[in-house]
Amino acid sequence: MKHTFVLFLSLILLVLPGCSAEKSSADTAKKTLTIYSTMSTDSERDTFRKLAATFEKEHSNIHVSLHFPGNDYENMMRVRMAANDLPDLFDTHGWGKIRYGEYTADLRDMEWTQDLDPNLNSILKNKSGKVYAYPINQAKDGLAYNRNILDRYGIAPPETMDDFIKALRTIKEKSKGSIVPFWFAGYDKSSFAQYYDQFATPLLITDPAHNEKKQLINGTFQWSKFTYLSEILKQMQKEKLINIDAVTAKKSQLIELMAQNKIAFTMQGGTLGQDVAQINPNVKVGIIPTPAIHPGDDPIWIGGERYTLAAWKDSPQLKEAKEFIAFMARPANAKQMAEATSLPSGLTNVKADIFYANDYEHYQDIKVEPYFDRLYLPNGMWDVLGTVGQELAADILAPQDISQKLGREYKRLREQSETQGAENNE
Amino acid sequence: MSEIARDVHVKQVKPKKQSSLWWMYIPALLSVLVFMIYPFVKGTLITFTNWNGFSQVYQWVGFAQYERLFSDPDTWHILKNTLLYGLGSTFFQNVVGLLYALLLNQSIKTKAVTRTIVYLPVMISPLIMGYIWYFFFSYDGGALNDLLGVFGISPINALASPSLNPWIIVMINTYQYVGIAMVVYLAGLQSIPKDYYEAAQMDGAKQGQQFFTITLPLLMPSITINMVINIIGGLKLFDVIIALTAGGPGNASQSMSTFMYDLYFKRQDAGYAATQGIFMAFVILIISFCALAYFKRKETEMS
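Protein sequence lines, in the order shown, are assigned to chains L and G.
According to the working numbering, the first sequence is numbered sequentially starting from 1.
According to the working numbering, the second sequence is numbered sequentially starting from 1.
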């Protein structure tokens, strides 16, 4: 009888291997700094790893544990936030304020904040001056395009929506349909969300005569004013200016198609240019700011955070976490990271040599506006934008229905976010 | 005599000893409590909030999420999809599975190989299966369009149609799991004594009559198992949908489980996701209970 009980207990213990102690006693003097990041390509990760190793050398009492969960990142972080158990340092990938804001430590006292690019102020700072995260780089999104194709057909990079549509038509005609003028990877809803988000800025924000900032923030925005974007998208689809498989194509096809000169325009920043050049060095990918919609307005860069480091406010290693951020913010290190990620640095005292440097220089007078949804829409609208985009492209909803649906969700999500912890934009 | 008496004595004690092993069910009880009852209660509580899924604060909203559930047109078309995935796949899997079983129960030369081939897809992860079929149907370079090209038909984008997508998913689910149905039916067929058929033949019963009066009634237990397993599996279908269409376009091919996942993880709508989850649990419970009761009755009727 006793034997059976012991056997039973040992069996139970066998099932619970996770309960064993994590560290050996020799390591207890060393503090472990856990970092989670969304970095996706090998070059980015390697540079980050190298810098972390240098940091460890400088701080012999700190061990840095780096994690790159890839696609699982967002879900994992949601679960960890719900459990109020975050890594010491984590990536806010565009959501520093409105999603992660409740959990981030204020970094305003750190030295690098003096050099924070003012373009990032509205995204990384709030009115009382709290700084939510350190920007490893910053997004400067526009339209990526195949320079060879535009040169071949004698098209100048468009600066207005009308020119853009004209360019798409020319490409379709002259290539006799062999080139997709404007390519969407719509299997992932984000592709359509990106379209709405990016073009909403020239439609509703940048032109003084059509400025809806106030209405968007105080909740009185008339969503019928948004219908234009759906109508244009539908029009492009009808004229076959976007790919026929716009709702089913996957992002993984993009690099190959671009390298085969089969795509003229798409909405993708980051390392697309280099990735394409690796497969086919003859294809030159460039980037232009989002075209203006209203007459007389200028095109616009859409910017904001991409990779960041935010410190968990309740982290037992908050001091060490800040030390790590200070280390990463040293101009030499910040430059390395910006170059590895092919995006401008988030600091003004760092000049990075990146793939699109020429394009960014050519359009250096063009202003940068933050991502539309992060500033003017409640948290949760991104997915709604993506869903309605698919529904439009698959003929489930008409442009007017979409504006109505967006209006309903906007109202509901506003009510939800007003009652919850995530920081508001006002 | 005394030896026998001792034997009897021993036999009487044994059950007592066994009954003192009651604590053996504690682990099972604990896991049910910790992993099923507790999350269920907790999930039910979340349905009364507007929690976004990650914040430390939320508001109690009473039955608002339930009102939303019943007034949301998406709920009903997703329920329709889910029923289609559950009942549609069950129907096709059983019909095709039974036909395969009948065929492969004959003495055919390539019997073993064919059985293996039919069963093979079961061993592939549903997620991988979804990706494989995605490449089959994909517009650019997909096998389907290459095939159509041979016949001079212009390429189609099969996975973009909101009305067709659910049926494609049913087809793939059937293709993947028809092997299980076949195996269960084969086992059932092999347990039917040959004598019945011989007797029936002597009485002059035709093939069809034999099937409906002998095979089908005696297969009833296998049918019950297959039906219930397939219904439950189909109703909670997830992986194939994620890999093939991600529930799209829009919400056109969502099942209740993918919709719930989207609501929680993508739309930060944990309160509503939990409400959909409770609704789904009830739907599955009711359907599988009805199916089980129905087939149990049939079983007793027919035997």
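Worth flagging that the hints you see were computed from the coordinates, not collected in a lab.
Do not take every clue at face value.
[Said to hold, decoys possible] Cβ pair distances, simulated, as ranges: (1) L:Ala83 with G:Trp167: 52 to 60 Å; (2) G:Ile128 with L:Met76: 43 to 51 Å; (3) G:Ile117 with L:Lys31: 52 to 60 Å; (4) G:Phe135 with L:Asn84: 54 to 62 Å; (5) L:Arg152 with G:Gln56: 36 to 44 Å; (6) L:Pro69 with G:Thr44: 49 to 57 Å; (7) L:Asn84 with G:Leu29: 25 to 33 Å; (8) L:Phe327 with G:Gly43: 58 to 66 Å; (9) L:Glu323 with G:Ser163: 55 to 63 Å.
Backbone N, C-alpha and C define an ideal beta-carbon position, used for all residues, glycine too.
Here is what the structure says about each hint:
1. In this structure the supplied range 52 to 60 Å is violated for L:Ala83 paired with G:Trp167, their Cβ-Cβ distance being about 40 Å.
2. For G:Ile128 paired with L:Met76, a C-beta distance near 22 Å fails the hint of 43 to 51 Å.
3. The beta-carbon spacing between G:Ile117 and L:Lys31, approximately 57 Å, falls within the hinted interval of 52 to 60 Å.
4. Remark: the range hint 54 to 62 Å for G:Phe135 to L:Asn84 is contradicted by a beta-carbon distance near 42 Å.
5. Checked against the hint of 36 to 44 Å, the C-beta distance between L:Arg152 and G:Gln56 comes to roughly 56 Å, which is inconsistent with it.
6. A hinted range of 49 to 57 Å for the beta carbons of L:Pro69 and G:Thr44 is inconsistent with their spacing of about 30 Å.
7. Range check, L:Asn84 to G:Leu29: about 30 Å between beta-carbon atoms, so the 25 to 33 Å window is met.
8. A C-beta distance of roughly 43 Å is found between L:Phe327 and G:Gly43, which places it outside the suggested range of 58 to 66 Å.
9. Judged by the Cβ atoms, the range 55 to 63 Å given for L:Glu323 and G:Ser163 holds: they are separated by roughly 58 Å.
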